[in-house]
Amino acid sequence: LKFPSIEQFRQVVREVTDRARYIGKDKDGKAIIDNGKELPTVSFAQTTKIHGTNGGVTLTQDGTLEVQSRNRLLSEDDDNNGFYKWAMQREAIFREQLSPYLLDTTSQVTVFGEFAGESIQKGVAVSQLPKAFYVFDMFAVVGEEVIRVEDFLHNFHKSDSQIFPI
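Basically the working numbering = 1-based index in the sequence shown + 5.
Because the hints were derived from the structure by calculation, they are not lab data.
Calculated pairs, DSSO-like style, for lysine-lysine (alpha carbon to alpha carbon, straight line, at most 30 Å):
1. Lys54 with Lys136
2. Lys163 with Lys136
3. Lys54 with Lys90
The calculated label-pair distances, taken between Cβ atoms and stated as ranges, are:
4. Glu12 with Leu158: 18 to 24 Å
5. Pro105 with Asp82: 28 to 34 Å
6. Lys7 with Pro170: 17 to 23 Å
7. Glu96 with Lys30: 52 to 58 Å
8. Lys7 with Leu134: 24 to 30 Å
9. Ser166 with Asp83: 19 to 25 Å
In this text the structure is predicted, and so the values were computed from the model without any measurement.
Quick reminder that beta carbons are idealized off the backbone N, C-alpha and C, glycines included.
Assemble the whole structure, with the sequences as input and the hints as a guide.
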């Protein structure tokens, strides 16, 4: 289950501006933009950028625990900054935390976060801290549908294991 891209604020502003001021296309197929059109007020949630690497841990209906980067499954031979090894050392914790969300109709549940700390990125403050997983989102697969799991962060705090919700 690939985690979607999170755009930077400047990209969001550009996208909202372009969509709000777009009127249609001219006879040559070029966009018609009304720069005088008022921009909408948009509400959104903001998170702090943690300079690490995106990761996810999945529990499947058959009990398989999978560890992934943003784009690929990880393994002992194909790790990402040590995230696979780190997560597998906490396998029991991830199973305990994910299993309540694995319902009869759910084929898998995946928690996503940022893996950050020592030696993951250089020149950033978080690299001075021990490696940790900062959990920020969870998705369940029900049939063919991917559903965002709400209200799960309060269950995902294990400071003694370096797992923190944000």
